[in-house]
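> Using the sequences provided together with the hints, build the complete structure.
Residue numbers for the sequence shown follow the working numbering, beginning at 1 and rising by one.
Calculated directly from the structure, the hints in this document are not laboratory data.
Predicted model only: the values in this text are computed from it and were never measured.
For every residue, glycine included, the Cβ atom is placed at its ideal position computed from N, Cα and C.
Treat the hints with care, since some could be wrong.
[Unchecked claim] Quick list of the computed label-pair ranges, beta carbon to beta carbon:
1. Phe-94 - Val-11: 47 to 57 Å
2. Gln-95 - Leu-27: 25 to 35 Å
3. Asp-134 - Leu-12: 40 to 50 Å
4. Arg-28 - Ala-81: 45 to 55 Å
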Amino acid sequence: LVVVYVGAVAVLFLFVVMMLDINFVELRQGFLQYLPAGVMIGLVLLVELVVIVAGHAMAPEAGTTVAQPIPPVDKISNTQALGELFYTHYIYLFQAAGLILLVAMIGAIVLTHRKRDGVRKQRISDQINRRAEDSVEVVKVETGKGI
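Structure follows, in structure tokens:
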């Protein structure tokens, strides 16, 4: 089941990259400008990964939880068991994972949002400030003749 979800996310990323049509030559020009920030973010993610791997420090009862016998299937479902585990013993790690995903989503949107030439855009302020005298021209056409 996990393999299906990983494959679905991989296909989603593939379609997003194809649809965004990112010009990588332009992205490489300003690479060194963002290198210090990238290194800092990488270090923060590395620290978070170490905290997750060493998660027993935040949840020492994890060892006893694994050693407990499995309850009968009719008393608790898999979803309920996962919910109780995530929202009690691993709440900090669960919230950290959600925060990482939120930052990644916002970062992807910010990095791919760019100004493109030739794209028509509606400017409401121009529409509101437009006067009828400037946009409409009344032409008197004689009968039987064109403009």
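> It remains to establish, for every hint, whether it holds in the given structure.
Consistency of the hints with the structure:
Distance hint check: the CB atoms of Phe-94 and Val-11 are about 26 Å apart, inconsistent with the given range 47 to 57 Å. For Gln-95 and Leu-27, the hinted distance range of 25 to 35 Å is satisfied, since their beta carbons lie about 32 Å from each other. For the pair Asp-134 and Leu-12, the beta carbons lie near 47 Å from each other, so the given range of 40 to 50 Å is met. Distance hint check: the CB atoms of Arg-28 and Ala-81 are about 48 Å apart, consistent with the given range 45 to 55 Å.
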